[in-house]
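Student: Below are the chains, spelled out letter by letter.
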Amino acid sequence: MTEASMTKTDMSVSAFLMRRRGRGRFHWTDGLTYAYLLLGLVVMFVPVLWVVVSSFKTPANLAEFPPTILPFSAETAVVEGFDEPLPLFDVVGEDGETVRLAQIRRVGIQAQMIDPADPEAGRIVVPVENATPVRRVYLAFENYTNLLASSGNQIWRYVFNSLFITVVATVITLVMNSMAAFALSKYRFRGSNVALVSILATLMIPATVVLVPTYMIVAQLGLVGNLWGVILPTVATPTGVFLLRQYMLTIPDELIEAARMDHASEWRIFWRIILPLSSPALAVVAIFSILSRWNDFLLPLVVLNRRESYTLQLALASFQTEYGIQYEILLAMTTLTALPLACAFIFLQRYITTGIASTGIK
Amino acid sequence: MSAGTQFAAAAGAVVALPARLVEPVMYGLQRLLGIRRMPWVFLLPNLVAVILFALLPVFINVFYSVSGSDRLFPWDRPLVGGANYATLFDCDNFLDPSTCSRDLFWRALGNSLVFVPVQVTAMILIALLTAICLNRDIRARGFFRGIFFFPVMLSPVVVALTWQWILQRNGALNGLISSAGLTPVNWLVFPNTAFFWSVFVTVWAHMGFYTIILLAGLQAIPRDVYEAARMDSATPWRVFTRITLPLLKPVLLVVFILAVIRSVQTFDELYVLTGGGPGSATMLMVQYIFEVGFASQPRNFGLAAAASLLLGVALLIFTGIQMRISRSGRDD
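From first to last, the protein sequence lines stand for chains A and B. Using UniProt numbering, count along the first sequence one by one with no gaps and you end on 362. Using UniProt numbering, count along the second sequence one by one with no gaps and you end on 332.
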């Protein structure tokens, strides 16, 4: 390896950057590759970073155009005779000297200022172009505290609904899919192929195509506006059955034979032997289930028609139309909604990517 | 202990108590039915859910499409034969949507017919380019892979709101443009720019998924093929067209089919980002189904079902043709 042969002294920055794992020199295509990847870094990551940064801006800062990169807040001062704190400005006077004044109001291109150190001196009229606001970097955590405290704690209701749907649907999916996969991988029985094919055939039916009848069946079960109305239609994932079945086929049948010798019941064999051995496949199915249930939109949009039953995603989507647009709250909520998955992603990236790569499903 | 097994252990703990209650029931069933019928017991819950929420709806959908009125339950709905289809196809001139009685359907169809080819082409080209770059001998490969993949994890609503925040009139993009001395553009207000950003945002959100599949495909190509090509001092372009592309063809086909099916079903992101607007410039088929069946009053389930059946049949035909092509490709 080239690293080993390189002494510390001649390891310049460029040598460090151009050092390669394999043999061979730095090729021009490598330059192109890094240029593309850096462009990708900007296009993929900066938008999300921008939302997170913006969510820490005050409403006044958000209204600025062009937007500031960092969250700023105007410095204010309390001046005698005024109830509200007044924003501070650095004003360049006629003599070229800069003084710090507090603005009372702005009238067209003129601003009425007052000297916070000497309020008795009276109002000073200053052209706006000579005044620059005094600002400091300020993280507006109150966007988050307001969001979490406001509107009668509705937000916690949405979080609960989303969590409930995600957790319950995932647990049911895991149990049901693995039971079916167990039957389809460890037993020989008439009709097993028909059952397998009819489960896998549903892969071909896009959920959006059967939206109306699905809604009808949910309504017939009396579950419109009920969280179970979103859980039940989604639990029989064909991909989960397929993935688990393929995995269980690799578990040797001798284990089951031995357990039967010991008079274990079929359920016990499934629950105590097959299920624990399938945990890698279960983890992949669980991750995909959690992902798609947490992010689900169309089915909840149709089924959950009452505000109390809204998921986080529905609440977020309805937010922009409902309150005019309160961007600081909307941005904070967007960040909060994306946060759990961002955390999960850091820990589970390997499982997710290998899961996708090996099955091509999501 | 890895995160996966930890998770499995936690999930196991949650279901341990109900499982203890299930066990005697299942044992009783086994005594009652015998071991030979136990697989059906294991299959039953999943099969019921599949039939109730996947197979049955297909047949009900057919019935909806040939019945009328705004009633939800099938037994309340009178049969109207092909009237729903006739309404959809009621056009003086098929090339001009405004002459149709359901002009939105034709606009949505027209939009989808432009959106799907453009989006899928862009998606596959960018995903392939990214996968090739990630497959090279580069530093921080895991980091870059994560960067390209993470939008797949974001919810469609979050994706749409993120880009809305950037594209709005006083957003970051217009900030950049105006500080470069150019005139800001109201991106989501004009049909053409709104359409462009619809394609861009959906590609941005989903390309990571296809990149991962293509990357796995690239890594499955044996290295000695490339070694041999280097011995013959083949140019990178030649290596790409003569080795990489042919060996990647099966994976590319899977990616292509998945991308088309998903692209046809695009709804969530655009519903939040543009709402199908301005006007109907970015309204696609699924949104039309949603609008007709659920958003507008009176709800016209029959029309929505007819439109969705046409969509399903189109997808089926497309997949069939693809399978046929891939099979004939394998023979020669």
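Note that these hints are calculated values from the structure, not bench results. We put the CB at the ideal spot given by N, CA and C, even for glycine. You may find that some hints are simply not true.
Stated by the list, open to error - One side of the interface only, derived from the structure: several residues of chain B facing chain A at Cβ under 8 Å: (1) M26; (2) F53; (3) S67; (4) F94; (5) P97; (6) C100; (7) S101; (8) R136; (9) G146; (10) I166; (11) A172; (12) S178.
As the list claims (entries may be wrong) - What the simulated footprint calls covered on chain A by chain B, stretch by stretch (three residues with Cβ under 8 Å from a Cβ of chain B suffice, anywhere in the stretch; the number is not a length): (13) 112 to 126; (14) 214 to 225; (15) 309 to 319; (16) 345 to 355.
Claimed, not checked - Partial list, derived from the structure: chain B residues whose beta carbon lies under 10 Å from chain A: (17) F73; (18) L79; (19) A83; (20) A86; (21) F89; (22) L109; (23) G110; (24) P151; (25) W165; (26) I289; (27) F290; (28) P298; (29) A305.
Student: If a hint holds in the structure, say so; if it does not, say that too.
Tutor: Status of each hint after checking the structure:
{"no.": "1", "hint": "M26", "verdict": "4 Å, holds"}
{"no.": "2", "hint": "F53", "verdict": "4 Å, holds"}
{"no.": "3", "hint": "S67", "verdict": "11 Å, violated"}
{"no.": "4", "hint": "F94", "verdict": "23 Å, violated"}
{"no.": "5", "hint": "P97", "verdict": "22 Å, violated"}
{"no.": "6", "hint": "C100", "verdict": "22 Å, violated"}
{"no.": "7", "hint": "S101", "verdict": "21 Å, violated"}
{"no.": "8", "hint": "R136", "verdict": "5 Å, holds"}
{"no.": "9", "hint": "G146", "verdict": "6 Å, holds"}
{"no.": "10", "hint": "I166", "verdict": "6 Å, holds"}
{"no.": "11", "hint": "A172", "verdict": "6 Å, holds"}
{"no.": "12", "hint": "S178", "verdict": "6 Å, holds"}
{"no.": "13", "hint": "112 to 126", "verdict": "violated (count 0)"}
{"no.": "14", "hint": "214 to 225", "verdict": "holds (count 6)"}
{"no.": "15", "hint": "309 to 319", "verdict": "holds (count 3)"}
{"no.": "16", "hint": "345 to 355", "verdict": "holds (count 7)"}
{"no.": "17", "hint": "F73", "verdict": "7 Å, holds"}
{"no.": "18", "hint": "L79", "verdict": "16 Å, violated"}
{"no.": "19", "hint": "A83", "verdict": "17 Å, violated"}
{"no.": "20", "hint": "A86", "verdict": "19 Å, violated"}
{"no.": "21", "hint": "F89", "verdict": "19 Å, violated"}
{"no.": "22", "hint": "L109", "verdict": "15 Å, violated"}
{"no.": "23", "hint": "G110", "verdict": "19 Å, violated"}
{"no.": "24", "hint": "P151", "verdict": "6 Å, holds"}
{"no.": "25", "hint": "W165", "verdict": "6 Å, holds"}
{"no.": "26", "hint": "I289", "verdict": "7 Å, holds"}
{"no.": "27", "hint": "F290", "verdict": "7 Å, holds"}
{"no.": "28", "hint": "P298", "verdict": "14 Å, violated"}
{"no.": "29", "hint": "A305", "verdict": "5 Å, holds"}
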